[in-house]
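K.L.:
With the hints as extra help, turn the sequences into a complete structure.
Each chain, written out:
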Amino acid sequence: MDLTFTPAQEALRAEVREWLAANVPAEPLPSMDTAEGFARHREWERSLAAARLSVPTWPAEYGGRGAGLVEWLICEEEYWASGAPGRVSQNGIFLLAPTVLHWGTPEQKARFLPKMATAEEVWAQAWSEPESGSDLASLRATATPDGDGWRLSGQKTWSSRAVFADWGFGLFRSDPASERHHGLTYYLFPLDAPGITVRPIAQLDGETGFAEIFFDDVYVPASQVLGGVGKGWSVAMATTSSERGLTLRSPGRFMAVADRLLALAAESGDRTLQDAAVGAWSDADAYRLYTWAAVARLEEGIELGPASSLMKTFWSELDLKLHELALALRGPAAALADRWMDGFLFALAGPIYAGTNEIQRNIIAERVLGLPR
Amino acid sequence: MRFAFTEDQRMLAATVAETLAKSCPPALVRAARTDPAVRRGDAWAALAGLGLLGATVPEDQGGLGLTPLDTVLAWVEVGRACVPGPLVETAVAAPLLLPKGSPWLERIAAGEAAVSVRCAENPYLLDADVADLLLLPEEATASPVALDSADGTRRLFTVAGETAPGGTAADHASVAVSAQLLGLGDHLLDAAVAYAAQRRQFGKAIGSFQAVKHLLADVAVGLRFAEPLVHRAAYSLAHPGPVPGSPGEAGSSQRPGTGPHGYSPDIARDVSAAKVAVAEAAHRAARVALQVHGAIGYTDELDLHLWLSRVWALVPAWGDPGFHRARMRAALLAAR
Chain L
694 MDLTFTPAQE
704 ALRAEVREWL
714 AANVPAEPLP
724 SMDTAEGFAR
734 HREWERSLAA
744 ARLSVPTWPA
754 EYGGRGAGLV
764 EWLICEEEYW
774 ASGAPGRVSQ
784 NGIFLLAPTV
794 LHWGTPEQKA
804 RFLPKMATAE
814 EVWAQAWSEP
824 ESGSDLASLR
834 ATATPDGDGW
844 RLSGQKTWSS
854 RAVFADWGFG
864 LFRSDPASER
874 HHGLTYYLFP
884 LDAPGITVRP
894 IAQLDGETGF
904 AEIFFDDVYV
914 PASQVLGGVG
924 KGWSVAMATT
934 SSERGLTLRS
944 PGRFMAVADR
954 LLALAAESGD
964 RTLQDAAVGA
974 WSDADAYRLY
984 TWAAVARLEE
994 GIELGPASSL
1004 MKTFWSELDL
1014 KLHELALALR
1024 GPAAALADRW
1034 MDGFLFALAG
1044 PIYAGTNEIQ
1054 RNIIAERVLG
1064 LPR
Chain H
5 MRFAFTEDQR
15 MLAATVAETL
25 AKSCPPALVR
35 AARTDPAVRR
45 GDAWAALAGL
55 GLLGATVPED
65 QGGLGLTPLD
75 TVLAWVEVGR
85 ACVPGPLVET
95 AVAAPLLLPK
105 GSPWLERIAA
115 GEAAVSVRCA
125 ENPYLLDADV
135 ADLLLLPEEA
145 TASPVALDSA
155 DGTRRLFTVA
165 GETAPGGTAA
175 DHASVAVSAQ
185 LLGLGDHLLD
195 AAVAYAAQRR
205 QFGKAIGSFQ
215 AVKHLLADVA
225 VGLRFAEPLV
235 HRAAYSLAHP
245 GPVPGSPGEA
255 GSSQRPGTGP
265 HGYSPDIARD
275 VSAAKVAVAE
285 AAHRAARVAL
295 QVHGAIGYTD
305 ELDLHLWLSR
315 VWALVPAWGD
325 PGFHRARMRA
335 ALLAAR
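If you're matching them up, the sequences are chains L and H in order.
Here my numbering is used: the first residue of the first sequence is 694, the next is one more, and so on.
Here my numbering is used: the first residue of the second sequence is 5, the next is one more, and so on.
Careful: at least some of the hints might be erroneous.
As the list claims (entries may be wrong) - If the Cβ cut is set under 10 angstroms, some of the chain H residues that face chain L in the computed set are:
| # | residue |
| --- | --- |
| 1 | T10 |
| 2 | R34 |
| 3 | R37 |
| 4 | Q205 |
| 5 | A209 |
| 6 | A221 |
| 7 | A281 |
| 8 | R333 |
Claimed, not checked - Taking CB as the label site, the calculated pair distances span:
| # | chain 1 | residue 1 | chain 2 | residue 2 | range |
| --- | --- | --- | --- | --- | --- |
| 9 | H | A18 | L | R1023 | 46 to 52 angstroms |
| 10 | L | S927 | H | Q205 | 33 to 39 angstroms |
| 11 | L | A956 | H | E22 | 34 to 40 angstroms |
| 12 | H | T10 | L | I1045 | 39 to 45 angstroms |
| 13 | H | G53 | L | L1020 | 55 to 61 angstroms |
I should point out that these hints are in silico values taken from the structure, not numbers from a laboratory.
What you are looking at is a predicted structure, and each value in this text was computed from that prediction instead of being measured.
Even for Gly, the Cβ is constructed at its ideal location relative to N, Cα and C.
P.N.:
In structure tokens:
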């Protein structure tokens, strides 16, 4: 076991810290769920890409640095500690990109990844349907063959930032006789394609972070099938494992919040809240250490698999705990619509998205512990 | 940076587990309640034979000269097997409290001596009735007085007089106890999962009910996220200095370890964080294991309670949660 970083890793840390100190906007950007905020966030992503910091683990040819996971964790720690904006490209770079890198054709990689890295094309996910949320395998949106391509029909919902995004990715039932997770195919489609209608849904904070997407006979060429016809479920599962585990929620994000929480706690005279804050900081630290151990296992070739459900349950409840304690420590100021309240509202979504925590606990029980279905 | 154990470290733990499967069956743990000799019996001899009792004793005194990082996985296995006796006191605390060159060290490494230790973090003398040596901060003014223990396989004693903090020895003992709590928790989770998979009610295995699944899933989450804290505490004991180039280094404006940048060991913070988290996770494992077993779990007939009462005995041992929470508060908030 070695918890020291190599000189090269320390040099990377210094470079990232220096660049962020010089470039992170002094004032927080407007919400990415508004037209102006989305544009400003896209601008920020472009400058990150110019510094080759938007996707450090990707191969250089697609805009990355070919960095390892430890280097990625360092970048993430520095990123969130600097107070840099949330990533408007996260659905693409953290959810879709690992899938494209694993399953995509060389043409697909060359066509989609570089523009994703620079946020020239921002992606929205299209998993859920009105009747298919946690039970994703029950989805009903269809894909029917048409010449060399496909026609998509049906409805998707809860698509984060689809109102402003450029492209979408999602699962459709390509075999009408199929049931459950069989006969599904993974498609990539431009959101301005003829036949697509995007309808915004206001979130509880009043902003249009969500959208419904309606598909009316939308043509998609065969080149926009990801991972093979009928293989959508296994392709998508690779994505959800990334989503729940390592890539979406790096520990740097929670350590930064936990450090800010300790600063609040230090000013408090409430010993009970102080102890709770110290405990929550330790939980964030535990998540960081668990992630380091997970990286070591990944480097040995062991996949995360259902262990990502342990991580998802833990980080989503950790995030909520950190923000709930912050509001308690802030006293009357907790009523203000500020950074802590924004963080709290976002944390509330954690136990819901990426598969609810009730579903995660079922996965842990059945696939980690081996309990009967 | 690589947060993983070496092949040797994993191998020692596997050997300890294999040996204890033979030398420490539940019937032996149970027998320790009535027969004092069991606490110095087969399992003790087996662990001495593997070198675990002398693991931290210097090599020139018959030990292996290993670090806490080398042995922490082995202590998890000692917990999983619920081994009775003053093992942590003898093998972990005593070698740090005894003067260099003490003849007791060779006797400990050989498995010939059992030691009981009293200090501020551990005011009760464990198993003084079978110990060859009592380590007290000052001369005891009276003979040890026996107290009833929450765990019938352990005997607790007290002596009059002041206690002083155990210092480094207490931190090392606390990490070994934390590792044992992890093993105890894992055993309780495994036992509950096995029982839930075979116990049928309403025509189905109770483990197929979502309410039961979610109880057990929460136990797994608690244990798995306490685990790296225990491993890291062992690392910090083995690497007590600041990491070169890290923010904890002299001259840095950032406090050790609390900043988001890099990592620096902080023994008080890391040992206490491990003990607090694993005590909570093991307690939850005990509560849920009992709940899943139902009334049969509440009986003396089933072995389950041997593990339950060991958890309740070790949660307050070598620093109760209140002590460790206070240390974390001091480490994380004092400089702010």
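K.L.:
Under the constraints set out in the numbered hints, which ones does this structure not fulfil?
P.N.:
As far as the earlier hints go, 2, 3, 4, 11 are violated by this structure, in ascending order.
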